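K.L.:
Here's the letter readout for the chains.
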Amino acid sequence: MIEVMLKISLTMFALAIVISLYRIIRGPSIPDRVIAMDMIGVNLISAIAAISILLNTKAYLEVILILGILAFISTIALSKFIERGVIIERKRDR
Amino acid sequence: MVSIQLAIMVPFLAAIFIPFLYKKLPRIHIGWFVLIVPTALFIALARFIPAVAEGKTFLHTVQWIPSYGIHFTTYVDGLSIIFGLLITGIGSLVILYSIYYLSAKESLHHFYTYLLLFMGAMLGVVFSDNLMVLYVFWELTSISSFLLIAFWYHRKKSRYGAQKALLITFGGGMAMLTSFFMIYLITDTMSVREIISSIDTNHELFIPALILLLIGAFTKSAQYPFHIWLPDAMEAPTPVSAYLHSATMVKAGIYLVARFTPVFGSSEVWFWLVSSIGLITLFWGSFNAVRQIDLKALLAYSTISQLGLIMSLFGIGSIAHQLGVSENSIIYTQASFAALFHLVNHSTFKGALFMVVGIVDHEVGTRDIRRLGGLMAFMPVSFTIALIGSFSMAGLPPFNGFLSKEMFFEAVVNVSQSSIFSVHSLGLLFPIVAWIASVLTFVYCMIIVFKTFLGPYHPEKLEHGAHEAKIGMLVSPIILGSLIVGIFIFPNVLGDYLLRPGLASIFPSFPLDEMTKPISLWHGFNPALFMTIGVVVVGIIIFQIIRRRKSLYFPPSKWTFDQLYNSTLEQMEVRGFRITTLYMTGSLRDYLVYIFLFLIASVGGIFIFTDAFTFDLSNNAPISIYEILIVFAMLTAGIAIIFAKSRITAILLNGVLGYSIALLFVLFRAPDLALTQLVVETVTTALFLLCFYFLPKQEKENSPQKTKRMNLIVSILVGIIFVSVALSVHSGKLFETISAYFENAYELAGANNIVNAILGDFRAFDTMLEVIVLFIGGIGVYTLIKLKARKGDENIENQ
Numbered sequence: 001m002i003e004v005m006l007k008i009s010l011t012m013f014a015l016a017i018v019i020s021l022y023r024i025i026r027g028p029s030i031p032d033r034v035i036a037m038d039m040i041g042v043n044l045i046s047a048i049a050a051i052s053i054l055l056n057t058k059a060y061l062e063v064i065l066i067l068g069i070l071a072f073i074s075t076i077a078l079s080k081f082i083e084r085g086v087i088i089e090r091k092r093d094r
Numbered sequence: 001m002v003s004i005q006l007a008i009m010v011p012f013l014a015a016i017f018i019p020f021l022y023k024k025l026p027r028i029h030i031g032w033f034v035l036i037v038p039t040a041l042f043i044a045l046a047r048f049i050p051a052v053a054e055g056k057t058f059l060h061t062v063q064w065i066p067s068y069g070i071h072f073t074t075y076v077d078g079l080s081i082i083f084g085l086l087i088t089g090i091g092s093l094v095i096l097y098s099i100y101y102l103s104a105k106e107s108l109h110h111f112y113t114y115l116l117l118f119m120g121a122m123l124g125v126v127f128s129d130n131l132m133v134l135y136v137f138w139e140l141t142s143i144s145s146f147l148l149i150a151f152w153y154h155r156k157k158s159r160y161g162a163q164k165a166l167l168i169t170f171g172g173g174m175a176m177l178t179s180f181f182m183i184y185l186i187t188d189t190m191s192v193r194e195i196i197s198s199i200d201t202n203h204e205l206f207i208p209a210l211i212l213l214l215i216g217a218f219t220k221s222a223q224y225p226f227h228i229w230l231p232d233a234m235e236a237p238t239p240v241s242a243y244l245h246s247a248t249m250v251k252a253g254i255y256l257v258a259r260f261t262p263v264f265g266s267s268e269v270w271f272w273l274v275s276s277i278g279l280i281t282l283f284w285g286s287f288n289a290v291r292q293i294d295l296k297a298l299l300a301y302s303t304i305s306q307l308g309l310i311m312s313l314f315g316i317g318s319i320a321h322q323l324g325v326s327e328n329s330i331i332y333t334q335a336s337f338a339a340l341f342h343l344v345n346h347s348t349f350k351g352a353l354f355m356v357v358g359i360v361d362h363e364v365g366t367r368d369i370r371r372l373g374g375l376m377a378f379m380p381v382s383f384t385i386a387l388i389g390s391f392s393m394a395g396l397p398p399f400n401g402f403l404s405k406e407m408f409f410e411a412v413v414n415v416s417q418s419s420i421f422s423v424h425s426l427g428l429l430f431p432i433v434a435w436i437a438s439v440l441t442f443v444y445c446m447i448i449v450f451k452t453f454l455g456p457y458h459p460e461k462l463e464h465g466a467h468e469a470k471i472g473m474l475v476s477p478i479i480l481g482s483l484i485v486g487i488f489i490f491p492n493v494l495g496d497y498l499l500r501p502g503l504a505s506i507f508p509s510f511p512l513d514e515m516t517k518p519i520s521l522w523h524g525f526n527p528a529l530f531m532t533i534g535v536v537v538v539g540i541i542i543f544q545i546i547r548r549r550k551s552l553y554f555p556p557s558k559w560t561f562d563q564l565y566n567s568t569l570e571q572m573e574v575r576g577f578r579i580t581t582l583y584m585t586g587s588l589r590d591y592l593v594y595i596f597l598f599l600i601a602s603v604g605g606i607f608i609f610t611d612a613f614t615f616d617l618s619n620n621a622p623i624s625i626y627e628i629l630i631v632f633a634m635l636t637a638g639i640a641i642i643f644a645k646s647r648i649t650a651i652l653l654n655g656v657l658g659y660s661i662a663l664l665f666v667l668f669r670a671p672d673l674a675l676t677q678l679v680v681e682t683v684t685t686a687l688f689l690l691c692f693y694f695l696p697k698q699e700k701e702n703s704p705q706k707t708k709r710m711n712l713i714v715s716i717l718v719g720i721i722f723v724s725v726a727l728s729v730h731s732g733k734l735f736e737t738i739s740a741y742f743e744n745a746y747e748l749a750g751a752n753n754i755v756n757a758i759l760g761d762f763r764a765f766d767t768m769l770e771v772i773v774l775f776i777g778g779i780g781v782y783t784l785i786k787l788k789a790r791k792g793d794e795n796i797e798n799q
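Going down the list, the protein sequences come from chains A and B. Just so we're aligned: the first sequence equals residues 1 to 94 in our numbering. Just so we're aligned: the second sequence equals residues 1 to 799 in our numbering.
Only chain A is shown next, with the shape it has when bound in the complex:
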């Protein structure tokens, strides 16, 4: 029973990723695309969690953690890039 549910949820996540992908490709503005990218990251976290239950292993917990951090960092980096044009600012004028 749980296996069927996990598989259904995985399929849903995959569909969500595909839909987000559509938004990345077509997204009229860049913020649209960045949000879609973030969406994909979150969906991936959920999908990997489902997969690790399905495969009955704890090996992917680190992956989930890392993915969480990276999705956050990359969204921040992209947002900063859109806002200021740079990611890492230089020091103030010396």
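Simulated from the structure, these hints should not be mistaken for laboratory data. Please note: incorrect hints may appear among the correct ones.
Only pairs whose alpha carbons sit at most 27 Å apart, straight line, appear in this in silico DSSO-like list of lysine-lysine [claimed, not checked]:
| id | chain 1 | residue 1 | chain 2 | residue 2 |
| --- | --- | --- | --- | --- |
| 1 | A | Lys7 | A | Lys58 |
| 2 | B | Lys645 | B | Lys708 |
| 3 | B | Lys105 | B | Lys23 |
| 4 | A | Lys80 | B | Lys645 |
| 5 | A | Lys80 | B | Lys697 |
| 6 | B | Lys786 | A | Lys80 |
| 7 | B | Lys697 | B | Lys786 |
| 8 | B | Lys105 | B | Lys24 |
| 9 | B | Lys461 | B | Lys451 |
The model shown is predicted, which means the values in this text are computed figures rather than measured ones.
With chain A held as given, fit chain B onto it using these hints.
P.N.:
Chain B alone, transformed into the frame defined by chain A:
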């Protein structure tokens, strides 16, 4: 007796010490020390004469590369001793002459070092018995000749002449080397003496070896069409011209022909090539010599012409090999005898003439015939020597040239009546061409004497007033001049002691005493004598005509081999540049297209020709729906990247690809890979964004339609090839994997994680190097950012 190996090495050793002596003893002209070397060698070689005259030969071997059969073997017989004596004898005279000719301001140590190098190399050529050693010395003569021609390297013409001589003689040397390899393949030996006995005339490489050897000999001896380098080599100092370009180096080709006559002489091709090229050279050289206005250029063309004469005589002589030992072949061995005789004669009179021209140049400041004249009253000794030399060259009675020219006429008349090698159809051409060439020879000999020393004297055209040279400068030409007369009076001394043993090495299997006649001063009223009388009469008439009507002697200067040579060099450069710029476009795209096309052609070609494509699904694992979905997402992203309008879209889509791969790693149960892939992907995306700021706005790809189509085709083909290779490799599994071994990671390495055990334990060496790669990458990035050229500095990267 001194070992010949030592005799060959002495000039090289002396050449090493010359610069030291030059530094230590700046007051004494360095030439005096150099003079000792050839004089001592001449005496040493002269001591071989009695033994060689009795028919003895001397063979010495010093091992050099025994595993390849290459030994430094020297062989002393009649032929090599003639050349050895010429080289050392004329060498001594030339060095004596050069002591007075070259002033102490010249870089004398260079001059004498090159000259000694040349002398040693030339001795090596004539005494070597081993083909490879012969070739080594042969190229050494080319190199030292190159150095000597360009002795005054600040002159453009010297450099041009040196380059030309080097290119042509090296080309011939290469042909000769190829021929030597072929001879080695035929006979399986490198020794010239063994080759003579074991040559197989029916071997398929026999004719190619023959032709390539002759190309080597013809280029060195300035035979038609390779004669063009010799007139340009006249930019060298006159002692060099006298030594190299009349007496020794240009005779290396003659030596080669004489030495290999026993090997190839029985072939018809050999006879026709050697004798006809010789005759053409004889005619063409004398024809051109008459046109020259520079005395040295005139002498250069006359050298070409005389070398052609000697060559054609050796060609005629080779018929004797076909006929074998018989009564009929005596006239042909006599031709070879004449060749050797004229070889010695030519060295004497041409050396003397070059020295006289050098004296004229040295004392008056010009060699231009139009500015010279009436020097007889001022330079009586030089005039006398020039007269002797020219009349000897023209073939007039009281001089040695007369004897060899008579023998030459006899030989060509005889060969025209011969029936062998289907000579009869063209035979009449031999004496006619020879006679015309002799008339022209007579004419230019008259020009040397009459235009230079007789006629009106023009002091206003000369750089300084004419006067006789110093006595030291005259010694060498006087010796040569007296030799010219001496040989005429006692020709048989030379004939018996040197030429006859020399003939024995050209015809090793012949009983020598029956094959030669003594040289006679007077041999009755025969066709040769009437031909000589005709030469004199017609020659005087032509000389008078040319004197009055210069334009009659039409100068066809448009279509010459010089033009061909120059335009060939020019065209080679232009075409080479054009071809290089055709494919070396500097555009990375083009190079990538070449690389990919090569990959397609080689890998795809192998796939098609070996029919290696296999497709087997039976071993495949089942495919789940998630994998299909991810791959579908990746495909969409991949295709969308190509059509992305802005860079940021492309970067994001690239991120999608990377994350999808990480998800695939998760699905295929590779947690370590998934972790790393995620981190690396993020960092890469961040780096892309970092670069993004510095990049110009993305422009619409507007390359021509053709380029786009090409790109599409190439990329599709590369994709197809890689997919098919991957599928075929996957389907054709040859053996079991070795991964079972690594499953014992816990027992072997105490590790639960197999991947980490492999990276850190089983195959840690790779990991170390990967770390170093990252390290180098980091340092590289740091230096690229930090070590920028400051303002005003030169750009380091562009150096």
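K.L.:
Please go over all the hints and tell whether each is borne out by the structure.
P.N.:
Going down the list of hints, with the structure as the test:
Taking the CA atoms of A/Lys7 and A/Lys58, the gap is about 18 Å. The hint holds against a cut of 27 Å. A distance of roughly 17 Å separates the Cα atoms of B/Lys645 and B/Lys708; the hinted pair therefore holds under the 27 Å criterion. Proximity of B/Lys105 to B/Lys23 is assessed by CA-CA distance (about 14 Å); at most 27 Å being required, the pair is judged to hold. Restraint check: the Cα-Cα separation between A/Lys80 and B/Lys645 comes to about 22 Å, which is no more than 27 Å; the hinted pair holds.
The suggested pairing of A/Lys80 with B/Lys697 holds, with an alpha-carbon distance near 19 Å, which does not exceed 27 Å. Taking the CA atoms of B/Lys786 and A/Lys80, the gap is near 25 Å; set against the 27 Å cutoff, the hint holds. For a cut-off of 27 Å, the pair hint linking B/Lys697 to B/Lys786 stands: about 26 Å separates their Cα positions. For a cut-off of 27 Å, the pair hint linking B/Lys105 to B/Lys24 stands: about 16 Å separates their Cα positions.
Taken as a hint, the B/Lys461 and B/Lys451 pair is honoured in the structure, with Cα atoms around 14 Å apart against an allowance of 27 Å.
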